[in-house]
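Participant: Residues per chain, in single letters:
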Amino acid sequence: EDQVTQSPEALRLQEGESSSLNCSYTVSGLRGLFWYRQDPGKGPEFLFTLYSAGEEKEKERLKATLTKKESFLHITAPKPEDSATYLCAVNKGSNYKLTFGKGTLLTVNP
Amino acid sequence: GAGVSQSPSNKVTEKGKDVELRCDPISGHTALYWYRQSLGQGLEFLIYFQGNSAPDKSGLPSDRFSAERTGGSVSTLTIQRTQQEDSAVYLCASSLGDGLNQPQHFGDGTRLSIL
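Quick mapping for you: the protein sequence lines, in order, are chains A and B. Position one of the first sequence corresponds to residue 1 (the numbering used here), numbered consecutively onward. Position one of the second sequence corresponds to residue 1 (the numbering used here), numbered consecutively onward.
Hints listed in this document are in silico derivations from the structure and should not be mistaken for laboratory results. Don't take each hint at face value.
Claimed, not checked - With a cut-off of at most 25 angstroms between alpha-carbon atoms, the simulated DSS-like pairs for lysine-lysine come out as follows:
no. : chain 1 : residue 1 : chain 2 : residue 2
1   : A       : Lys42     : A       : Lys68
2   : A       : Lys79     : A       : Lys97
3   : B       : Lys57     : A       : Lys102
4   : B       : Lys57     : A       : Lys92
5   : A       : Lys79     : A       : Lys68
6   : B       : Lys57     : B       : Lys11
7   : A       : Lys57     : A       : Lys97
8   : A       : Lys42     : A       : Lys69
9   : A       : Lys69     : A       : Lys97
10  : A       : Lys68     : A       : Lys97
11  : B       : Lys57     : A       : Lys97
12  : A       : Lys79     : A       : Lys92
13  : A       : Lys42     : B       : Lys11
14  : A       : Lys102    : A       : Lys69
15  : A       : Lys102    : B       : Lys17
Let the sequences and hints guide you as you build the complete structure.
Facilitator: See below:
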C-alpha cells in the first residue's frame, strides 16, 4: 500500500532559524512528488513538483530535494509569514490521484 | 486570474439531509478532482473528471456520494442521507490536464458540519 509519512507533525522555529521538513514515501513507480502549503481555512497552494531522485527546486526561502525514499523541504532563515501547514503528496504510474501525507504544522515566531 | 471557486464556504445540516457542494474550476482546466480533508487526516481522493471521459469514482466512500460535471466545467458533489462521519472539508482542485507538469490547484473548500 502506498504511504506518505511526514515528520515532524509540528515544528516551532524562531525567525531566522533554518530547518528541514521530511516526507518519506513508499510508492512503486513514483511519477511525481508534490509540495503544497496550506494556511488555516484555505485550500492547499502548490509549491513544487519533483520528478526524479537528485532533483532540487527553489522558491524564495524554500528548497525541495528528492531521493529515492524521501523528500526534504528546507526552509532558510524563515519569517513569521512562512507559518503554515506544509503538505507532501505523491502520484504514480499513469495515476493522476494524489496521495497526501498528514502534513507538518510550521510555526515561526518573531 | 480567478482560481478554483467553491460554494458554499460553510454548510451546516442535520443528519439525514442531502447536501450539494459546487465547484467552479479554473477556466480552461480540463481535469477536475474532489478530495476530502477530515480532522487529523490527510487529504483523501474522492473522484476525478477529465474532459469527456468517464469519471474515476474509485475514491467515493459509499453510494451516498455522487458527483457530476456539466459541460466540462462546473461540478457538483452530492451527499445523500448525510451522516456525522461525513463532517469534513471538501476540497475541489483543477488542472490543465493530468500531465506531470500540470499540478492540481485547489479551491478553499466547503466546510461541512453534520449535526
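Participant: All hints, please: hold or fail.
Facilitator: Outcome of the hint check:
no. : hint                    : in the structure
1   : Lys42(A) with Lys68(A)  : violated (31 angstroms)
2   : Lys79(A) with Lys97(A)  : violated (32 angstroms)
3   : Lys57(B) with Lys102(A) : holds (23 angstroms)
4   : Lys57(B) with Lys92(A)  : holds (18 angstroms)
5   : Lys79(A) with Lys68(A)  : violated (30 angstroms)
6   : Lys57(B) with Lys11(B)  : holds (23 angstroms)
7   : Lys57(A) with Lys97(A)  : holds (22 angstroms)
8   : Lys42(A) with Lys69(A)  : violated (29 angstroms)
9   : Lys69(A) with Lys97(A)  : holds (19 angstroms)
10  : Lys68(A) with Lys97(A)  : holds (20 angstroms)
11  : Lys57(B) with Lys97(A)  : holds (11 angstroms)
12  : Lys79(A) with Lys92(A)  : violated (34 angstroms)
13  : Lys42(A) with Lys11(B)  : holds (16 angstroms)
14  : Lys102(A) with Lys69(A) : holds (17 angstroms)
15  : Lys102(A) with Lys17(B) : violated (30 angstroms)
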